[in-house]
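Just so you know, the protein sequences line up as chains A and B, in that order. Counting in this note's numbering, the first sequence runs from 1438 upward without gaps. Counting in this note's numbering, the second sequence runs from 83 upward without gaps.
Possibly wrong hints are sitting among the right ones.
As the list claims (entries may be wrong) - Lysine to any residue pairs mimicking SDA-like chemistry, simulated, CA-CA at most 20 Å apart: (1) A:Lys1743 to A:Asp1893; (2) A:Lys1486 to B:Leu146; (3) A:Lys1486 to B:Ser335; (4) A:Lys1582 to B:Ser335; (5) A:Lys2041 to A:Tyr2054; (6) A:Lys1530 to B:Leu146; (7) A:Lys2002 to A:Glu1897; (8) A:Lys1666 to A:Lys1486.
Said to hold, decoys possible - Derived coverage of chain B by chain A (criterion: at least 3 residues anywhere in the stretch with Cβ under 8 Å from a Cβ of chain A; other residues may be distant): (9) 222-232; (10) 282-293; (11) 386-394; (12) 405-417; (13) 436-442.
Claimed, not checked - Partial list, computed: chain B residues near chain A (C-beta under 10 Å): (14) Ile164; (15) Leu166; (16) Ile350; (17) Ser366; (18) Gln371; (19) Thr421; (20) Ile422; (21) Phe431.
No lab work stands behind these hints, which were simulated from the structure alone. This one's a predicted model, so the numbers in the text were calculated from it and none came from an experiment. Glycine is no exception: its CB is placed at the ideal position from the N, C-alpha and C atoms.
Read off the chains here:
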Amino acid sequence: MSNIPETGRTSRVTARLVAIQILVFSLLLTLGGRLWYLQIRNGQEYASKARSNHVQQVVDPATRGSILDSRGVPLADNETRLVVSASRTELLKMKDDGKAVLGRLSDVLGIPEQEIRNKVRLCDAKTPQPCWNGSPYQPIPITDKATTQQALQIRERSEDFPGISAEPTAVRRYAAPAKAETAQVLGYLSPVTDEEIKKAEHTRSPLLRSDQIGRSGLERTYDSALRGKAGVTRYEVDNLGRVIGKAHSDPAVPGSNVITSIDARVQAVAEKELLQAMKDARLEHDKNTGTNYKADAGAVVVMEAKTGRVVAMASNPSYDPNAWVGGISGKDYAKLTGKKSNYPLLNRATQGQAAPGSIFKVISTTAAVNAGYPFNGHYPCTSSFNIGSQVFKNFESENFGPISLGRALEVSCDTVFYNIAYDQWKKDGGNNPKHPADWFYKTAHQFGLGKKTGIDLPDEVSGRVPDRRWKKDYWEANKTGWCAQGKNADDYVSKIARENCESGMKMRAGDSVNYSIGQGDTLVTPIQMATIYAALSNGGTLHDPTLGKAIVSPDGKKIEKITPKAHGKLPDSPATLKQIDSALAGVATRGTAAWRFQGWPQEKIPMHAKTGTAEVYGKQTTSWFATYTKDYAIVMTISQGGTGSGASGPAVRKIYDALYGVDEQGGIDKKSALLPVPESSLPVIERDGTIQAQPVEPADDATDPSADGTDQADGTDQSDQADQSDQGGDEG
Amino acid sequence: MTTSPTSRMFNVRRYAPETGAWGKLMDRDSAVRKLDWPLLLSCLALSLLGAMLIFSATRNRTELNHGDPYYFFLRHLLNTGIGLALAAGTIWLGHRTLRGAIPVLYGLSVVLALMVLTPIGATINGSRSWLAIPGGFSLQPAEFAKITITLGMAMILASRVDAGDTPHPDHRTVVQALGLAAVPVLVILLMPDLGSIMVLGAIILGVLLASGASNRWILGLLGTGVVGCLAIWQLNLLDEYQIARFAAFANPSLDPAGVGYNTNQARIAIGGGGLTGSGLFHGSQTTGQFVPEQQTDFIFTVAGEELGFVGAGLIIVLLGIVMWRACRIARESAGLYGTIVAAGIVAWFAFQAFENIGMTLGIMPVTGLPLPFVSYGGTSMFAVWIAIGLLQSIRVERPVSASR
Chain A
1438 MSNIPETGRT
1448 SRVTARLVAI
1458 QILVFSLLLT
1468 LGGRLWYLQI
1478 RNGQEYASKA
1488 RSNHVQQVVD
1498 PATRGSILDS
1508 RGVPLADNET
1518 RLVVSASRTE
1528 LLKMKDDGKA
1538 VLGRLSDVLG
1548 IPEQEIRNKV
1558 RLCDAKTPQP
1568 CWNGSPYQPI
1578 PITDKATTQQ
1588 ALQIRERSED
1598 FPGISAEPTA
1608 VRRYAAPAKA
1618 ETAQVLGYLS
1628 PVTDEEIKKA
1638 EHTRSPLLRS
1648 DQIGRSGLER
1658 TYDSALRGKA
1668 GVTRYEVDNL
1678 GRVIGKAHSD
1688 PAVPGSNVIT
1698 SIDARVQAVA
1708 EKELLQAMKD
1718 ARLEHDKNTG
1728 TNYKADAGAV
1738 VVMEAKTGRV
1748 VAMASNPSYD
1758 PNAWVGGISG
1768 KDYAKLTGKK
1778 SNYPLLNRAT
1788 QGQAAPGSIF
1798 KVISTTAAVN
1808 AGYPFNGHYP
1818 CTSSFNIGSQ
1828 VFKNFESENF
1838 GPISLGRALE
1848 VSCDTVFYNI
1858 AYDQWKKDGG
1868 NNPKHPADWF
1878 YKTAHQFGLG
1888 KKTGIDLPDE
1898 VSGRVPDRRW
1908 KKDYWEANKT
1918 GWCAQGKNAD
1928 DYVSKIAREN
1938 CESGMKMRAG
1948 DSVNYSIGQG
1958 DTLVTPIQMA
1968 TIYAALSNGG
1978 TLHDPTLGKA
1988 IVSPDGKKIE
1998 KITPKAHGKL
2008 PDSPATLKQI
2018 DSALAGVATR
2028 GTAAWRFQGW
2038 PQEKIPMHAK
2048 TGTAEVYGKQ
2058 TTSWFATYTK
2068 DYAIVMTISQ
2078 GGTGSGASGP
2088 AVRKIYDALY
2098 GVDEQGGIDK
2108 KSALLPVPES
2118 SLPVIERDGT
2128 IQAQPVEPAD
2138 DATDPSADGT
2148 DQADGTDQSD
2158 QADQSDQGGD
2168 EG
Chain B
83 MTTSPTSRMF
93 NVRRYAPETG
103 AWGKLMDRDS
113 AVRKLDWPLL
123 LSCLALSLLG
133 AMLIFSATRN
143 RTELNHGDPY
153 YFFLRHLLNT
163 GIGLALAAGT
173 IWLGHRTLRG
183 AIPVLYGLSV
193 VLALMVLTPI
203 GATINGSRSW
213 LAIPGGFSLQ
223 PAEFAKITIT
233 LGMAMILASR
243 VDAGDTPHPD
253 HRTVVQALGL
263 AAVPVLVILL
273 MPDLGSIMVL
283 GAIILGVLLA
293 SGASNRWILG
303 LLGTGVVGCL
313 AIWQLNLLDE
323 YQIARFAAFA
333 NPSLDPAGVG
343 YNTNQARIAI
353 GGGGLTGSGL
363 FHGSQTTGQF
373 VPEQQTDFIF
383 TVAGEELGFV
393 GAGLIIVLLG
403 IVMWRACRIA
413 RESAGLYGTI
423 VAAGIVAWFA
433 FQAFENIGMT
443 LGIMPVTGLP
453 LPFVSYGGTS
463 MFAVWIAIGL
473 LQSIRVERPV
483 SASR
C-alpha cells in the first residue's frame, strides 16, 4: 500500500487533474474573451442593432400652415375630412388577422372587402397597387371620404371595430375665395420621393412616405415654415411587433401660417380679366396670319409700386389646384403636364418670357439720355429706316416728323430709336468694335433684365439681354447647325442661317436697331417688367418682388415679417425719371393707350402706360401692356394675342377700375374700390393665434377661370360676346 | 493538513460534548464548518442571480407565466430550496453511504430514462426527453443519469484501486465502467437528447481521465468520438436541415427562422449590453422577447444585455470559483472514488456551462442545455445541487477529518 498515497491519487491522476483544471479554465477564459469581443469590442454595433430591432417610429404629421391673403382670407388651408384608418398591428393581434373586422368595415363603408384588404396590405416587390407603402406601425388610411354617419357607426361600436379609427384629419384645401384660384402662385403639394425620405431620415423632422411637400409656388418657397414639425413617437415593440412601451415622444408642431400680399378680390379680378382678354383676343382677326389670334397664354401682375409686393398674379392657362389633393390621378396629371396640355402648371408671370416690344422703350430712352442724347432733342420720326438695303419699319406709329424722346414714347415711334441705336452702334465701332460703350445693353442690365428679380417663387427664369457676350456664346453653341443649314437651300430660313453662320458672333447694325425697340432676341418676364415699371413709379428703386408678407407662428406669438428688399436703382437722373414719367402719362392720355383710358380720372389718379407688340418669328404678336399709378404697377402680356393696348388694354383698365372704384364715367366710388391704397398692415392676429379674415364677396359675375382656362387656344370659343368696340391707334 | 497546536487546545474541550444545536453546528469538526463555503456560496449566488434574470425574462411573457409575473421567479426559488435540501440530504447521508446505494440509483435512473420512451414521455422542443408527472410537473431523467453515470463509473473504476489492489484501473474495469455508462447513453440517444449526450461524453472523458485509466483508453475514446462524428457527416446519417441547424451557430443564415434567429438575437442581446448593460428589467431584447427560450437555455443573454460585461463576467467568474473548488476537492479527496466523482462533476459543469454560454455567444452549436444553477428548470437544478452535495460530502470526509 505504500505506493498508493492516502489521498488515493497517483502521480498520473494528479497530472490528469491538473490537465482537467487547465482545460476547464481555458474554456472559461474563452467564454470571457468572446464576451469581451461581443460586448466591448463590437458593443456599439450590436447596441444599434438592438435599437432598430425594438424601436418603431410613428410619425404624427404636423398640420400644414395656411397661406392667407393680405386681409387674412385663406387661399390655401386645411379642411377636416373623416379619415377611416386601420392599425395593422392591432389587426394582426387577432386570431383571423382582422378579417372579420375588415368584413364588417366593408359593410359600413360600402367598399368591397377585397379593396379594403388590398389597402392595408404592405407593399413589396410582388404586391401590386393598391397597397400600403408606409410604416406598418402607422395607421393605414382606408378612405378619406367617410360620412359622419359611417364614422359614428365605427366609433360607437368600437368593440366591433378594434384597431379601426375614424378620425377627422386635416386635408389641404385651396378654397379659391372670391373665385381667385391663384393656382400657380400657391403651387401644390405632392408625395415625397424616396430620396427626400432618406435625406430627412435622421433630421428632426423625418418624412413619411405618405407625406406631402410643396412642389411649386408658395407651397414650395415657404415649405419649411408651412410644414411644421412632425410629431415622432418611438414605440418599443416586441418580437411580434406588439407595442410594449413608449420610448420617446415629440409632439407635432403645426406649421406656421404665411400671410401674403395677395388680395384675393384683386386676384379674382385679375384672373377673370386675363381670361376674358384672352377670350376676346381669340375673336380678333390677325391680318398677318389670316387667322384669329390664338391667345394661347397670358399673365398679369399687379404690384405695389412702392414696395414690390405682389397684390395679384395670374397666369393662364390655369388649373384647379385641388386636383393635387389626396394624390393626383393619372388622367389629371396628364392633363396638367402632357404635351397637349399647354402646361397650365407654368406660372407665366415668372416663368414665361418673351420679347418685350415697345414697353422696352423706357430702357432705350434712358440709354439714349445717358449716352448723351438730350431728352427734349429733335429726332426724326420717319415711317421707315434703312441700313443699306435693309428696311426697318416704324411698326407702331406713323411719320410724326422730328419729335422729342418723350413724344417718341407717347406715340411709340420706332424710327427715333432706330436712329439713335444705329448712331450708337457706329460710335461703338460698328462691325469692328473698339471698347464699345454699349449704352443700350448696359442700361438693360441696370434695369435688372437678364437676371432673376428674386421673387419668392421657385424656378423664376431670368430672361435675356442679347449683348455681345451672349451673341458670341450663342454663336459658338449654334454655328455648326447654322452653317450646315445655310449651305443647302435659298429660302428665308436658310438665308438667315447662313447670315448667322457668317456673322452671328458679331453685333450687327440690324441687331442693335431691332434691339432698341424690344424686338429680336431680348426676352423678359412679366415680373421683370412689373418691377421696372414699379421702379419708374416709386422714383427708381428696383425691388425684389415679394408675395410673402409675414410668417406667423401657429400660436400667433411669433411674427416674422418679410420686408421687401431692393436690388437696384434705375440708372436715371431724377430729371429723366420725371420726363419719362410725364411721357408715360402722355401715353395714357394722348398716346397709344389713350383710347383704353378714356374717362379715366387722370387728375385724381395719374395713370402711366406703355404699350408693346412684340414680333415672334413664326408666331402671332405678343401683346404687352405696362402701366403704373403712384400705388400700383400692372403689367399684362398675352402670347399670340395681338397688340398691347388692343388685347391687354381693357383688362388692365378693369383691374384699375376695381382697385380704385372707378366707374365708366370716370367717377370714383370709394365704397366699391377694392384696394385704393395698398394694404400695409397685417390682418388682426387674435390671442389664440387665429388670423381674422375679412369678408370676401365673391366677384359677382365671375366665370370660373379653371373651367375655361385650359381651353385650347384655337379661337373657336365664340360663346362670349365681348366688347370689341373700336380698334385703337396703336395697331402695328 | 496536520493537527495544529491550536486544534489540540480545542480538542480538550471536546471531552465535554456539545449539547446545543448551535454548538453542534459550530463545532470545529462539524460538517457545517468543514463545508467548502466558497463553493456553496458561489452556487447560491448563481441560483439567486438566476432567479432575478428569470424574473426579468418572464415577467412579460404572459403566454408562459399564466398571468403571474412571479410564476417563474418563485418556482426557481423553490427549485433552489429543494436543490439545497437535496444537497444537505446528500451531505447528511455521506457519499460513502450513497456508494452502497449506487446500483439501485443507477437502475432507477435507467428505468426513468426508459420511461421517457414510453407514452408517459413528453416531447418538448423536438426532443422526447421529458417525463410528465402528475401535478403539472415534468422531469428530465437525463439529468439524473449524469449523476448516476458518474457515481457508477467511479464505483467500478475506484473499487480495486481504493482497495489497494492496483494503482490504476485495469482494462477489464474500464470496459465494465464504459459498459455501465453505455446503457443510459443509448437510451438518451433514442430520445434523442443531443445536448445531454454531449455532456455525458464529457463526463465519461473526465471520469476516465481522473481514474488514471491508460492513455490508450482516453485517446481511443476521443478517437471514437471524432470518427463517429465524421461517419455521421460523411454517411449522410443526418438530414441536411439537421446539419444546417447544427452549423447555424456559426452562420445564422443557414437556418434563419430557427436556430439562426436564436443565435442572432442572442448575440444582439449580449452585444447590446456593453460594459454595464441596460440595467435589470431594461433590456430591450429581453422585454421585447426577441430571444426564445430565454428563461432556460438562453438565460445568459439576459445577464449579457441587462447586466453587461460586468454582470455576465461575474457569472463566468462564479462558475470559475465553482470549478476551482471542485477541482480542489478532486485533488484532496481521500480516495480515488472521491477524486473520480469530483472530476466527473467538474467535467459535467464545465462542459455544460461552456456549451450553454458558448451557444449564446455564437461559438458553440445550439443545443438544449441549461446553464447550471442559473437556468430555469427543476430537474437540472436538483441534479446540480445533488452534485454539490456530493462534492461537499467528499470534502467533509477527506483525510483531514479521517485522521482525527
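Hint-by-hint comparison with the structure:
1. A:Lys1743 to A:Asp1893: 17 Å, holds
2. A:Lys1486 to B:Leu146: 26 Å, violated
3. A:Lys1486 to B:Ser335: Satisfied, since the Cα-Cα distance of roughly 17 Å is no more than 20 Å.
4. A:Lys1582 to B:Ser335: 46 Å, violated
5. A:Lys2041 to A:Tyr2054: At roughly 42 Å apart (the allowed maximum being 20 Å), Tyr2054 (chain A) and Lys2041 (chain A) break the hint.
6. A:Lys1530 to B:Leu146: 17 Å, holds
7. A:Lys2002 to A:Glu1897: 17 Å, holds
8. A:Lys1666 to A:Lys1486: 27 Å, violated
9. 222-232: violated (count 0)
10. 282-293: This one holds; 4 residues, not fewer than the three required, reach chain A with a Cβ under 8 Å.
11. 386-394: holds (count 5)
12. 405-417: holds (count 9)
13. 436-442: holds (count 3)
14. Ile164: Cβ of Ile164 (chain B) sits 27 Å from chain A, so the hint is violated.
15. Leu166: 24 Å, violated
16. Ile350: Constraint on Ile350 (chain B) satisfied, holds at 5 Å.
17. Ser366: 4 Å, holds
18. Gln371: Given a least distance of 5 Å, the restraint on Gln371 (chain B) holds.
19. Thr421: Constraint on Thr421 (chain B) satisfied, holds at 6 Å.
20. Ile422: It holds, given that the least Cβ distance between Ile422 (chain B) and chain A is near 9 Å, below 10 Å.
21. Phe431: 9 Å, holds
Hint check: violations occur at hints 2, 4, 5, 8, 9, 14, 15; the rest are consistent with the structure.
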